[in-house]
Amino acid sequence: MKNEQILLKKPLVIIFLSVLLGSVLYYLGFNVYSLILVGLFISSLYVFGGRKEILLFSFFIVMSLGINHLYYKVQTKDISNFKVRIRESYYNEYLATYKGRKIYIKGSKLKLDKGREYVINGYFKPEVDKNKGIVGTLEGKYVYGEKEDVVTKLYEYREYLYNRMKSVLSEENAALVSATSFGYVEGLTSEQKDYMKYYGLIHIISVSGFHMALIYKILNKIFDYRITLLICVVYAVFTGASAATLRSLFMIIVLKLGEALYKEYDALSALCFSGIILCLISPYNALDLGFQLSYLATLGIILFNSKLDRFFYKFPKYLREAVAISISPQILTYPILGVTIGYFSLNVVVSNIILMPFFTLIVILGNLLLLLSVWDKLFIITLKVCEFISVIIDGLINLLNHVSIPLIPLEREVMFYYIICFGSFIFVKKGIKAFRKIPLVFFIPVAISIYSPFPKIDIDKNKEIRVSYRGEISKYIVEDNKIKEKDALTGINKRYIDKIPLAKGESYIILSKGLLGIKTPSKEIYCFSINQNNPNYDIIQLNNNERFLVVKNKIIRF
Numbered sequence: 001m002k003n004e005q006i007l008l009k010k011p012l013v014i015i016f017l018s019v020l021l022g023s024v025l026y027y028l029g030f031n032v033y034s035l036i037l038v039g040l041f042i043s044s045l046y047v048f049g050g051r052k053e054i055l056l057f058s059f060f061i062v063m064s065l066g067i068n069h070l071y072y073k074v075q076t077k078d079i080s081n082f083k084v085r086i087r088e089s090y091y092n093e094y095l096a097t098y099k100g101r102k103i104y105i106k107g108s109k110l111k112l113d114k115g116r117e118y119v120i121n122g123y124f125k126p127e128v129d130k131n132k133g134i135v136g137t138l139e140g141k142y143v144y145g146e147k148e149d150v151v152t153k154l155y156e157y158r159e160y161l162y163n164r165m166k167s168v169l170s171e172e173n174a175a176l177v178s179a180t181s182f183g184y185v186e187g188l189t190s191e192q193k194d195y196m197k198y199y200g201l202i203h204i205i206s207v208s209g210f211h212m213a214l215i216y217k218i219l220n221k222i223f224d225y226r227i228t229l230l231i232c233v234v235y236a237v238f239t240g241a242s243a244a245t246l247r248s249l250f251m252i253i254v255l256k257l258g259e260a261l262y263k264e265y266d267a268l269s270a271l272c273f274s275g276i277i278l279c280l281i282s283p284y285n286a287l288d289l290g291f292q293l294s295y296l297a298t299l300g301i302i303l304f305n306s307k308l309d310r311f312f313y314k315f316p317k318y319l320r321e322a323v324a325i326s327i328s329p330q331i332l333t334y335p336i337l338g339v340t341i342g343y344f345s346l347n348v349v350v351s352n353i354i355l356m357p358f359f360t361l362i363v364i365l366g367n368l369l370l371l372l373s374v375w376d377k378l379f380i381i382t383l384k385v386c387e388f389i390s391v392i393i394d395g396l397i398n399l400l401n402h403v404s405i406p407l408i409p410l411e412r413e414v415m416f417y418y419i420i421c422f423g424s425f426i427f428v429k430k431g432i433k434a435f436r437k438i439p440l441v442f443f444i445p446v447a448i449s450i451y452s453p454f455p456k457i458d459i460d461k462n463k464e465i466r467v468s469y470r471g472e473i474s475k476y477i478v479e480d481n482k483i484k485e486k487d488a489l490t491g492i493n494k495r496y497i498d499k500i501p502l503a504k505g506e507s508y509i510i511l512s513k514g515l516l517g518i519k520t521p522s523k524e525i526y527c528f529s530i531n532q533n534n535p536n537y538d539i540i541q542l543n544n545n546e547r548f549l550v551v552k553n554k555i556i557r558f
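Going by full-length UniProt numbering, the sequence shown opens with residue 1, and the numbers climb by one from there.
Since the hints were made in silico from the structure, they are not lab data.
Don't take each hint at face value.
Here are the simulated BS3-like cross-link-like pairs (lysine-lysine), alpha carbons at most 30 angstroms apart as the crow flies [to be verified]:
{"#": "1", "residue 1": "K153", "residue 2": "K10"}
{"#": "2", "residue 1": "K109", "residue 2": "K141"}
{"#": "3", "residue 1": "K377", "residue 2": "K166"}
{"#": "4", "residue 1": "K125", "residue 2": "K114"}
{"#": "5", "residue 1": "K193", "residue 2": "K217"}
{"#": "6", "residue 1": "K106", "residue 2": "K52"}
{"#": "7", "residue 1": "K77", "residue 2": "K99"}
{"#": "8", "residue 1": "K384", "residue 2": "K166"}
{"#": "9", "residue 1": "K106", "residue 2": "K141"}
{"#": "10", "residue 1": "K221", "residue 2": "K317"}
{"#": "11", "residue 1": "K166", "residue 2": "K197"}
{"#": "12", "residue 1": "K147", "residue 2": "K77"}
{"#": "13", "residue 1": "K77", "residue 2": "K109"}
{"#": "14", "residue 1": "K106", "residue 2": "K83"}
{"#": "15", "residue 1": "K263", "residue 2": "K307"}
{"#": "16", "residue 1": "K217", "residue 2": "K256"}
{"#": "17", "residue 1": "K193", "residue 2": "K221"}
{"#": "18", "residue 1": "K147", "residue 2": "K73"}
{"#": "19", "residue 1": "K217", "residue 2": "K263"}
{"#": "20", "residue 1": "K307", "residue 2": "K437"}
{"#": "21", "residue 1": "K221", "residue 2": "K256"}
{"#": "22", "residue 1": "K10", "residue 2": "K307"}
{"#": "23", "residue 1": "K114", "residue 2": "K193"}
{"#": "24", "residue 1": "K102", "residue 2": "K77"}
{"#": "25", "residue 1": "K263", "residue 2": "K52"}
{"#": "26", "residue 1": "K52", "residue 2": "K109"}
{"#": "27", "residue 1": "K10", "residue 2": "K429"}
{"#": "28", "residue 1": "K83", "residue 2": "K109"}
{"#": "29", "residue 1": "K10", "residue 2": "K256"}
{"#": "30", "residue 1": "K52", "residue 2": "K317"}
{"#": "31", "residue 1": "K166", "residue 2": "K130"}
{"#": "32", "residue 1": "K77", "residue 2": "K106"}
{"#": "33", "residue 1": "K125", "residue 2": "K109"}
Computed Cβ-Cβ distance ranges for the label pairs, DEER-style [said to hold, decoys possible]:
{"#": "34", "residue 1": "F422", "residue 2": "L371", "range": "40 to 50 angstroms"}
{"#": "35", "residue 1": "N398", "residue 2": "N81", "range": "29 to 39 angstroms"}
{"#": "36", "residue 1": "I222", "residue 2": "L268", "range": "46 to 56 angstroms"}
{"#": "37", "residue 1": "L372", "residue 2": "N220", "range": "27 to 37 angstroms"}
Predicted model only: the values in this text are computed from it and were never measured.
For every residue, glycine included, the Cβ atom is placed at its ideal position computed from N, Cα and C.
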């Protein structure tokens with residue numbers, strides 16, 4: 001009864017988890033994994049809640065499944081003109097929205113601008129990609145009509161600001177300021193993106209909740225809360241309305257509505273409310289990595305930030321708060337990063353303490369440019385200050401490069417074991433002592449899997465090849481019919497490899513007529529076909545999301 005009362009006080013938590021699980025089940029389909037997930041969730045509700053929680057869960061998981069079904073079953077029969085809005089452009093291919101759904105648009109004769117609304121004549125081909133929320137591809141013939149609205153004007157203004165920045169600053173500095181300030185990332189170089197990832201600062205260039213919270217905090221001191229909220233909504237649209245931005249916006253709206261209604265603000269319920277809205281409107285969000293990281297990071301801050309702040313009570317206030325706010329998001333995002341990216345950085349804490357104050361200044365000054373663009377002198381002076389800060393950041397990054405800790409490659413089994421240990425810890429804290437033994441039960445199988453004497457090869461949906469052998473990890477990626485070697489320790493230095501000799505023991509990477517060969521430490525070369533067929537080699541067809549072991553020259557797929 002006590003646990004049931006605790007859960008009923010936060011029903012939005014159950015609803016959010018039910019909606020998330022519904023999207024995951026729709027993605028997986030009805031198989032053994034789906035049954036395990038549902039079984040675990042219902043068991044947890046039974047232990048910590050009761051019948052009411054299970055009924056609430058059942059209702060919203062069915063609703064979520066229905067919404068996912070409706071999203072992907074778009075009706076386009078007998079339709080030849082499609083009203084779309086362009087979100088991204090990739091040469092002759094575009095990412096757009098059609099009736100709230102994501103689609104690709106192809107057409108060599110089409111020249112479309114980002115943010116603009118068009119009516120395009122063409123043929124729609126259903127091609128569902130649940131990983132990206134894509135429902136199909138529109139083969140466009142010609143533009144039947146186009147329309148400008150507020151969203152179009154905001155996108156055009158963003159492009160205008162970036163071009164003005166380029167006229168004053170170097171291209172790299174202009175790209176850094178525009179990306180940091182309002183999420184215009186088109187001008188960023190691959191090196192800039194890489195060091196952002198390496199030092200855990202990628203949220204700086206993707207307009208996250210950090211930007212929205214900072215903008216709100218400043219505006220709230222100047223304007224009435226209604227004007228502040230209106231500006232925040234416009235800013236969210238202006239920056240691209242990412243999941244992280246909308247999450248922060250909805251949480252701010254809940255905060256202000258709570259104050260207006262004299263209700264106590266509950267951060268966890270506000271977080272779940274924003275997630276429910278986003279997943280019901282766009283069910284593919286549940287599978288989006290950015291969405292997952294944003295919500296897990298925020299949840300980590302809500303649950304652990306104050307505890308860590310008290311733990312480091314002997315540190316000076318600024319240092320204590322910086323360390324706590326850097327570590328708390330990592331506690332929950334760590335397993336997701338390990339499973340999806342394959343490495344973990346210990347540089348996040350140091351980089352946040354040293355670099356974040358300077359990036360914060362750029363965010364403030366960069367967004368001030370939105371207002372100063374009509375005054376040339378003030379605009380240029382502010383840009384020059386941003387450039388000076390960028391030079392400081394570059395110098396600090398060069399310094400950090402000499403003292404930073406290399407990225408730690410992670411096996412997926414380690415991530416799953418981390419989740420098992422974390423979950424067991426929660427159950428033990430709730431008084432269920434039997435869960436103490438669960439980490440011990442899984443320890444030996446996980447250790448054997450990691451330090452297996454057989455080469456283990458994973459191929460993900462992006463055709464990235466990950467070879468693991470006795471705890472050592474190598475990563476390779478197929479790009480434009482070439483093979484890039486990805487250094488698992490730095491994640492930054494990449495080089496093209498094109499070696500032809502095929503004799504065993506003479507070459508560790510081979511690329512010849514679409515074949516990739518990997519020499520394992522046992523000095524055996526295994527060749528992988530990239531949409532090619534060659535009977536002279538031991539060929540393994542590259543399939544997405546597949547893993548296999550190489551045991552005595554035999555392939556074991558699983």
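Query raised in the report: Within a Cα-Cα threshold of 30 angstroms, do K307 and K437 meet the stated pairing?
Result: 26 angstroms, holds
Query - Assessment of proposed distance window 29 to 39 angstroms (beta carbons of N398, N81) - result: 54 angstroms, violated
Query raised in the report: Straight-line Cα separation of K106 and K52 no greater than 30 angstroms?
Result: Given pair K106, K52 is violated - Cα atoms ~49 angstroms apart, limit 30 angstroms.
Report task. Take the C-alpha atoms of K384 and K166, compute the straight-line distance between them, and say whether it is at most 30 angstroms. Result -> Holds, at roughly 12 angstroms.
**Report entry** Pair hint K147 and K73, alpha-carbon separation not exceeding 30 angstroms
**Finding:** Holds: K147 and K73 sit about 27 angstroms apart, inside 30 angstroms.
Query - Agreement of K147 and K77 with the hint, judged by alpha carbon distance not exceeding 30 angstroms - result: Holds, because 24 angstroms separates the two Cα atoms, which is no more than 30 angstroms.
Requested in this report: Take a quick look at whether K10 and K429 sit within 30 angstroms of each other, Cα to Cα.
Outcome: 19 angstroms, holds
Query raised in the report: Keeping to a limit of 30 angstroms between CA atoms, is the pair of K263 and K52 held or broken?
Result: Cα-Cα ~25 angstroms, so holds.
Report task. For the pair supplied as a hint, K10 and K307, confirm whether the alpha-carbon distance does not exceed 30 angstroms. Result -> 21 angstroms, holds
Requested in this report: Would you check the hint for K77 and K99, treating anything up to 30 angstroms between C-alpha atoms as holding?
Outcome: 14 angstroms, holds
Query raised in the report: Quick one, are K83 and K109 close enough, alpha carbons at most 30 angstroms?
Result: 18 angstroms, holds
Query raised in the report: Has the given pair, K217 with K256, been kept, meaning a C-alpha gap of at most 30 angstroms?
Result: 12 angstroms, holds
Consistency note: the structure conflicts with the earlier hints numbered 1, 6, 17, 26, 30, 31, 35, 36, 37.
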